[in-house]
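Protein chains: 2
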Amino acid sequence: MSSGFCTQCGSAVKEHIPEGDNRLRKVCSSCDFIHYENPKNVVGCLLEWQGKVLLCKRGIEPRHGYWTLPAGFMENGESTIDGAAREAYEEATAECEELRLFAVYNLPRISQVYIMFFGQLKDGFAKANEETLEVGLFNQSEIPWSELAFPVVTETLTRYYEMRDQRDRRVYCADIHSRPGAPVEIIRHPS
Amino acid sequence: MSSGFCTQCGSAVKEHIPEGDNRLRKVCSSCDFIHYENPKNVVGCLLEWQGKVLLCKRGIEPRHGYWTLPAGFMENGESTIDGAAREAYEEATAECEELRLFAVYNLPRISQVYIMFFGQLKDGFAKANEETLEVGLFNQSEIPWSELAFPVVTETLTRYYEMRDQRDRRVYCADIHSRPGAPVEIIRHPS
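Line by line, the protein sequences are chains A and B. At position 143 of the first sequence (counting the first as 1) the number is 143 in the working numbering, and the numbers step up by one without a gap. At position 183 of the second sequence (counting the first as 1) the number is 1183 in the working numbering, and the numbers step up by one without a gap.
FYI, nobody ran anything at the bench for these hints, they're computed from the structure. Even for Gly, the Cβ is constructed at its ideal location relative to N, Cα and C. Some hints could be false.
[As the list claims (entries may be wrong)] Distance ranges between label pairs, derived from CB positions: (1) B:I1187 <-> A:E130: 24 to 32 Å; (2) A:E130 <-> B:E1142: 49 to 57 Å; (3) A:H177 <-> B:A1128: 33 to 41 Å; (4) A:Y89 <-> B:L1024: 37 to 45 Å; (5) A:E142 <-> B:C1009: 47 to 55 Å; (6) B:A1012 <-> A:E90: 26 to 34 Å; (7) A:T158 <-> B:K1014: 43 to 51 Å; (8) B:A1128 <-> A:G181: 45 to 53 Å.
Construct the entire structure; sequences and hints are all you get.
The structure is reproduced here in structure tokens:
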């Protein structure tokens, strides 16, 4: 992969370890600006209505046509909980009530952190919006387990049913290691 | 602020709303590459040893000379919990045991999310490391409340003593709105 160009002056950047640091960074060969790269947060929610769960069928790649929970990249200037509510609206025209933190999932291979909330779907209303082909409310026996988009969706739904059965309010935290074609490894942390 | 240059081709970028989007982004005027900017995570921990809490006196700006919990920017390729342990070592030569998720704090004004863990300080050992002038283990009555570096540190310590008194294991979630010279506003979310 090319190292690219400096956002400050447009000169070429080179990868090296800056003085006092211990990691390779993209450093400008002209103005010495250091371009730090950090993980991105994906914020989303599991919304419940009369014991059913809201899922969205993805209208974009990756995993076009597979089912997911409303979630997407957190934006600058918003909080995690506001971002989760925004994604529910953008993907499923859904409004959220009683949102609370549900889980923090680390996906270190792709440098993402999923911050998931749990709440109620206002009025049970949802409809496909941009990026979504179809929305649905599913009972536990109806969840399309083999057609879920990502391991983090499977893990969130699995822990949701566990929490519901145990009337538990713990917040989950786990590392999810997956790559296409390989078994998923999940390291669950105590909470 | 100047919009800057494209990381892909070095041409000037301009701010506009890309088709299908609803926010201003930095878009390359030559190759059309979109430069998304997202919040950064700060990962850290509150470490306890024999009822005392580990604090570090900051050796760098901002808030040089003020006391803080070990915390810093999460790196690509690591999980939040591993990042928190790394920061404890980098700032206080401290090893962590029994880490568990403690709180998610949103700081939307500066587009940061603090993800804080709670655990035990191994062997009660800590010593100042890079970026730190001094480390200390403090009883509750000794906490230097007026010399804490950031509102998020004050909030984490306050909730820790609340949790300890109530023998609670809930995970906290709040938005912290602060700017120098103005009162701190904290919106605590249910958990």
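Now for the hints, and whether the structure bears them out:
1. B:I1187 <-> A:E130: 24 to 32 Å: This hint holds: roughly 29 Å between Cβ atoms.
2. A:E130 <-> B:E1142: 49 to 57 Å: holds, 54 Å
3. A:H177 <-> B:A1128: 33 to 41 Å: Because 35 Å falls inside the window, the suggested range holds.
4. A:Y89 <-> B:L1024: 37 to 45 Å: violated, 20 Å
5. A:E142 <-> B:C1009: 47 to 55 Å: With a Cβ separation near 48 Å, E142 of chain A and C1009 of chain B satisfy 47 to 55 Å, so the hint holds.
6. B:A1012 <-> A:E90: 26 to 34 Å: holds, 30 Å
7. A:T158 <-> B:K1014: 43 to 51 Å: holds, 45 Å
8. B:A1128 <-> A:G181: 45 to 53 Å: holds, 47 Å
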